[in-house]
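Trainee: Chains as they are written, first to last, in my numbering: chain X, 5 to 313; chain Z, 80 to 464; chain U, 23 to 288.
Rather than coming from a laboratory, the hints here were simulated on the basis of the structure. Some clues are possibly wrong.
BS3-like, lysine-lysine: derived pairs with alpha carbons at most 25 Å apart [to be verified]: (1) LYS357/Z x LYS344/Z; (2) LYS339/Z x LYS361/Z; (3) LYS77/U x LYS222/X; (4) LYS229/X x LYS30/U.
Pairwise CB distance ranges (calculated) [to be verified]: (5) HIS156/X x LYS30/U: 43 to 53 Å; (6) THR265/Z x TYR34/X: 26 to 36 Å; (7) HIS162/X x PHE157/U: 50 to 60 Å; (8) ILE154/X x GLN69/U: 31 to 41 Å.
Here are some chain X residues the structure puts well away from chain U; computed CB gaps all over 10 Å [what the hints assert, rightly or not]: (9) TRP43; (10) THR58; (11) GLY175.
Beta carbons are placed, not taken as given, at the ideal position from N, Cα and C, and that holds for glycine.
As a plain string of letters, each chain reads:
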Amino acid sequence: MSTLTEAPPPLAPAEPAKKSPRKRGRFTPYWLLLPGLLWLVVFFALPMIYQASTSVQTGSLEQGYKVTWHFVTYWQALSEYWPQFLRSVFYAAAATILCLLLGYPLAYTIAFRAGRWKNLIMILVIAPFFTSFLIRTLAWKTILADNGPIVHTLNSLHILDLTSFLGWTAGDRVLATPLAVVCGLTYNFLPFMILPLYTSLERIDGRLHEAAGDLYAKPWTTFRKVTFPLSMPGVVSGTLLTFIPAAGDYVNAELLGSTDTRMIGNVIQTQFLRILDYPTAAALSFILMAAILFMVTVYIRRSGTEDLV
Amino acid sequence: MTTTDKSGDVRLSGIGKTYANGFTAVRPLDLTVPQGSFFALLGASGCGKTTTLRMIAGLEEPTSGTVHLGDQDVTHLPPYKRPVNTVFQSYALFPHLDIFENVAFGLRRRGIKSVKKQVEEMLDLVQLGEQARKKPHQLSGGQQQRVAVARALINHPKVLLLDEPLGALDLKLRRQMQLELKRIQTEVGITFIHVTHDQEEAMTMADTVAVMNAGRVEQLGSPTDLYENPNTTFVANFLGTSNLIEAEVDSKTGDDIVLKAGGGKLVLPEARCSAPTKAGGKVLVGIRPEKISLTHADDAGEIPEGRNRLTGKIADASFIGVSTQYVIDSPVCDELAVYVQNVERDGRLVPGADVVLHWSPAHTFGLDAAQDIDAGVETVEEEAA
Amino acid sequence: MPFVTWLKRHLVVIAGVLTLSYLLLPNVIVTVFSFNKPKGRFNYEWQQFSTDAWKDPCGVADMCGSLSISLQIAVWATIGATVLGTMIAFALVRYRFRARGAVNSLIFLPMAMPEVVMAASLLTLFLNMGAQLGFYTILIAHIMFCLSFVVTAVKARVMSMDPRLEEAARDLYAGPVQTFLRVTLPIAAPGIAAGALLSFALSFDDFIITNFNAGSTVTFPMFVWGSAQRGTPVQINVIGTAMFLVAVLFVLVSMLITNRRNSQKA
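Same shape as in the complex, but just chain X (with noise of 0.2 Å):
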């Protein structure tokens, strides 16, 4: 008790209080927000209008290029490439698909099934990032080899020759056809698909399974009824993440595809620093940046988790 019936120790300061009220710091958050704004303003937002100047620029290299708002190029772009503008979606909504497929059952087992091994196969999952992913990718080049183990099974089995059928794979090749690239993509996505998923999935009450397990409902209708409503914010959010950079990529399609799989990023990669077209460049990119922005939001509203951001 000793301590506290001693003397109070002085507090600091026991001047009288100030009449004026106490400075808040009304400008506190614009300090706080401008550097980082700033930069993204400059290095985000500004880049996007010349971006956009530039597409409707004409000129050559050589001469200079001026505004002369020629809005042909966007007609004479999507006249020249839209197959891979089509390729791009269907590509990018395949490997989103088979995103879900795989990554749900993974995402489902670690959130429910995985015990004392879930820490460990979430550090699996994630490790891979830590490799660069060109060289992963590169991986699939040995995978897939003509003469490896997949391709020979897949051969023997003819499956191939059904997926030749549907023009997915070419005569006894996968490597550098639309399946190779799809799986390439499937491939580098899936952590984003899996960790949104395994997100909202551990947010689940268990007891939510037993409570429906009681009330008749069989494993499966369990799953459709309860738990799969209740993972569509992250259902949302991973087949967001997956499908938009899955669109824009053209590494997978380098890679692992030919000159048939092409997708519109190899065509605004090309166009940008190899022929240098400019203006045709800087449409193309706009289109796709339209494009997704518009699905985005279509898809958004249609799936009614706006508040995902």
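Starting from the structure of chain X, add chains Z and U where the hints point.
Mentor: Same frame as chain X, but now just chains Z and U:
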């Protein structure tokens, strides 16, 4: 602890808080909490009690009025310059620091280097000496609560503010901690201002209770005072249960007022009536359920003279061990509550029986009939849920 | 039919394990092929076991140089993005101000934009400004796209933080600066660390935006890209394997430390 020392007085003068969105949390109020007292601010959630506490702590700036600690005006001092400490609701223990460092926090911030002895003594006081190196999340709720108290008390504040400090504990632990806090307060003699919505907690612990409602102090006094002689329907209903009966002033005899209710007459000491009493005027007659005796209608003749009486029929009876709680249907009021100690149970007092309710006029209180008769009722039920 | 019942019960887990092997197969290949001794310029077919590449990881011209450039960019980009992003996150959580919605979308958009679009538009900006492409343009781009991820990570942490903790600190004689340094920052630290780690990984591994804005500077991913055309040295696999091992080791050690710390104090 000298009682003449006024340096721990808390004086609020015209203090009020209106938020930018126009919501008035606290209407300008005056309040003096004398040095060394255990003071409770009691009210339902949203009544302004926590805002009042936060203005004393300096965590909220009042829109009007001043806060004085002893002779010092602290209205515009930031919290870290006030000799006041707070035990927060849900404790707000720093999760990244262990128990020792949590308790030492205030001392260290004031530049005190050798904190070991003080912290250890403090932890012993709250019986947590063994847990010094644990992190807050490794302790139970009751232990965390004691750390929060130790962390505040070690600074020898002039005033200790407690914001619903027992709200997160289960009932049994809460009872135990109430006694513990009361013991600590008696030992250290520091002024405690305790905010709570639990009327029982306020009454067991505090010397003085201020009942707050809608940003105003409804009534201030000792727990017995508030309970026995409430001044408003809110206080009557919020603190325990009250039977309120509408009556008309008939006449005055000496210090008593005679009232008409239904067909009968009720007597009320004038000193216990907070309402204006004019012949023909309306008054609410209040009586606590446990002050009423029940007699079967057949034995009505045995009731002594001079007691207030009402007739009624038992609508419901629930046995709860120490007492039986009856709901009586009476001509003057549909649901009168009566609590009868289970000393000698009368087997005839079952639902449907005709009974006479009677009580000593000295236990009656009178309230202004212009108020909402049910003020404070609902809140009690919500809180109990 | 016990086998069928078993299969039915564990169907999800089996599918999950298959997905996991799909995810890990390339890493296995990368590791195995780091011990290969290829015949030609490309390291896609298994020939014979050799530890040559492990003995001489920097034996390929320019590879370790590009690795060092990538590391430098990643470190600076992490610092830049973490500082700027943390500031924004605090402003967003702690203060009310005008144009919140606009600020939020400006932060969200870079994450919802295909990399190639950001890469191309940033290049038009640099070309229009006549900027010299190289180390600094890469750094600028990396800070830009890492920023949003830091904001998201830190925001989540600061939002879940009890504001009473800061009030408690102020009540216990800590001034604004002390409160920030002793309470706010340590509690927000895991969020900031997560943001920083993510920034480092994103920056170190970025190819598309870098490729557009690098000029003649070659980062490690760009070196790998180039080698896919010219010939893939085994040393690439050595670096890839080493990075994987270091990452797993790092995580395991940090997990062991937290486990032990918890069990010691319990």
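Trainee: Could you run down the list of hints and mark each one as holding or not?
Mentor: Hint by hint, here is what the structure shows:
1. The hinted pair formed by LYS357/Z and LYS344/Z meets the criterion: a straight-line CA distance of about 16 Å does not exceed 25 Å.
2. Proposed proximity of LYS339/Z and LYS361/Z is supported: the alpha carbons are some 10 Å apart, at most 25 Å.
3. At most 25 Å may separate the alpha-carbon atoms for a hinted pair to count; LYS77/U and LYS222/X exceed this at roughly 58 Å.
4. A hinted pair counts as satisfied when its Cα atoms are at most 25 Å apart, and LYS229/X with LYS30/U qualifies at roughly 19 Å.
5. Range check, HIS156/X to LYS30/U: Cβ separation about 31 Å, and the 43 to 53 Å hint is violated.
6. A hinted range of 26 to 36 Å for the beta carbons of THR265/Z and TYR34/X is inconsistent with their spacing of about 51 Å.
7. For HIS162/X and PHE157/U, the Cβ-Cβ distance of about 53 Å falls inside the hinted range of 50 to 60 Å, so the restraint holds.
8. One distance hint, 31 to 41 Å for the beta-carbon pair ILE154/X and GLN69/U, is violated here, with the actual separation near 19 Å.
9. For TRP43/X, the requirement that its beta carbon stay farther than 10 Å from each beta carbon of chain U is not met, with the minimum near 6 Å.
10. The beta carbon of THR58/X sits about 5 Å from the closest Cβ of chain U, which is not more than 10 Å, so the claim that it is off the interface is violated.
11. With a cut of 10 Å on Cβ distances, GLY175/X stays outside the contact zone with chain U, its closest approach being about 19 Å.
Violation of the numbered hints given earlier is confined to hints 3, 5, 6, 8, 9 and 10; the remaining hints are satisfied by the structure.
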